[in-house]
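Colleague: Let the hints inform the model, and build the full structure from the sequences given.
Here the protein sequences come in this chain order: A and B. Number 119 in our numbering belongs to position 119 of the first sequence; there are no gaps in the numbering. Number 13 in our numbering belongs to position 13 of the second sequence; there are no gaps in the numbering.
It cannot be assumed that every hint is accurate.
Each pair may be met inside one copy or between any two copies, as identical chains are not told apart.
What the hints assert, rightly or not - Cut-off 25 Å, straight-line C-alpha distance, at most; resulting in silico cross-link-like pairs (SDA-like, lysine to any residue):
1. LYS124 / PRO38
2. LYS124 / TRP23
3. LYS40 / ILE83
4. LYS40 / MET50
5. LYS40 / GLU18
6. LYS69 / GLY155
7. LYS69 / HIS22
8. LYS40 / ARG152
9. LYS40 / ALA153
10. LYS40 / PRO159
11. LYS89 / GLN109
12. LYS124 / LEU19
13. LYS124 / PHE161
14. LYS124 / ILE47
15. LYS89 / THR17
16. LYS89 / GLY123
17. LYS89 / GLY48
18. LYS124 / TRP162
19. LYS89 / HIS142
20. LYS69 / ALA153
21. LYS84 / ILE156
22. LYS124 / SER99
Bear in mind the hints are in silico, worked out from the structure with no lab data behind them.
There are 2 protein chains.
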Amino acid sequence: MENAVATPQTASVITPTELLEHWQGHRSLTRRVIEAFPEKELFEYSIGGMRSFAAMAQELLAIAAPGMKQVATGQIEELNEEIKEATSKERILALWDQSTEEINTYWAQVPEERFRERILTFGKYDNVVWCTILYFIDNEIHHRGQGYVYLRALGIEPPAFWDR
Amino acid sequence: MENAVATPQTASVITPTELLEHWQGHRSLTRRVIEAFPEKELFEYSIGGMRSFAAMAQELLAIAAPGMKQVATGQIEELNEEIKEATSKERILALWDQSTEEINTYWAQVPEERFRERILTFGKYDNVVWCTILYFIDNEIHHRGQGYVYLRALGIEPPAFWDR
Numbered sequence: 001m002e003n004a005v006a007t008p009q010t011a012s013v014i015t016p017t018e019l020l021e022h023w024q025g026h027r028s029l030t031r032r033v034i035e036a037f038p039e040k041e042l043f044e045y046s047i048g049g050m051r052s053f054a055a056m057a058q059e060l061l062a063i064a065a066p067g068m069k070q071v072a073t074g075q076i077e078e079l080n081e082e083i084k085e086a087t088s089k090e091r092i093l094a095l096w097d098q099s100t101e102e103i104n105t106y107w108a109q110v111p112e113e114r115f116r117e118r119i120l121t122f123g124k125y126d127n128v129v130w131c132t133i134l135y136f137i138d139n140e141i142h143h144r145g146q147g148y149v150y151l152r153a154l155g156i157e158p159p160a161f162w163d164r
Numbered sequence: 001m002e003n004a005v006a007t008p009q010t011a012s013v014i015t016p017t018e019l020l021e022h023w024q025g026h027r028s029l030t031r032r033v034i035e036a037f038p039e040k041e042l043f044e045y046s047i048g049g050m051r052s053f054a055a056m057a058q059e060l061l062a063i064a065a066p067g068m069k070q071v072a073t074g075q076i077e078e079l080n081e082e083i084k085e086a087t088s089k090e091r092i093l094a095l096w097d098q099s100t101e102e103i104n105t106y107w108a109q110v111p112e113e114r115f116r117e118r119i120l121t122f123g124k125y126d127n128v129v130w131c132t133i134l135y136f137i138d139n140e141i142h143h144r145g146q147g148y149v150y151l152r153a154l155g156i157e158p159p160a161f162w163d164r
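Modeller: Put into structure tokens, the structure is as follows:
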């Protein structure tokens, strides 16, 4: 205990590879939530004036791979939440899988020290890289949780939260 | 790039102190979501047969400080999701603030190397400590996202997701 007070906490809790696995685990669950929606309800169902789950998934697609591209290349990407090709569940799932590959590819290009540097994501959001990536993940969990309510309201059992 | 391939990624992305701040930031937002509910709806409102947001908040209370106590002391706690005292919004918020302090206190007692050790949380969930804590946080974001839908369905504007 006294040791913990004397030594400032600066060492590793999570490595880059672990953070990637954590994110991809979440993305695999989100993919199953998209799959669980019937085609029509994915694009049209809504509660309380909120967006459809397809629109939320489009936002997640717009953030994930383009965000990681910026982390890897330093090149500022514009945030484009209107993914025009994402017009069917099948297409969204294909784009999801493509993003999975792109994230892995960009991730492998990121040197360790980059995770603690500042970044202006999409030219607008100033933060440290690891905070930015956690924000991407948190935002996904947040919207997916909303998708769970849509599914329950539609009488559909969502996939188990703990199963990644 | 070639460097990143040659060197395995093992260094720090997130320090323990940063992880604590990240969690407490989320907890402060969740507190404001609890506050945003009218008293009656906090305990009674539900969509699709799901639990009330009060019941979800009780689950979060049951996990957070007792979970951190186990991380700090190694003593196995039983998961008790029925927080009997949490019978009003005021009481839930008071328990929330008490948990905030307890989490900080236990956290200060955790030596750095502990975050990479395995733990059997609540005698049931086997995982590495940092994964366990991220699970607590993710579970909170998940249920809070559900609370956002409840609020929207009730015609109440939830606090901004990015404001911690």
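Colleague: If you test the structure against every hint from before, which numbers come out violated?
Modeller: 1, 5, 6, 11, 14, 15, 16, 20, 21
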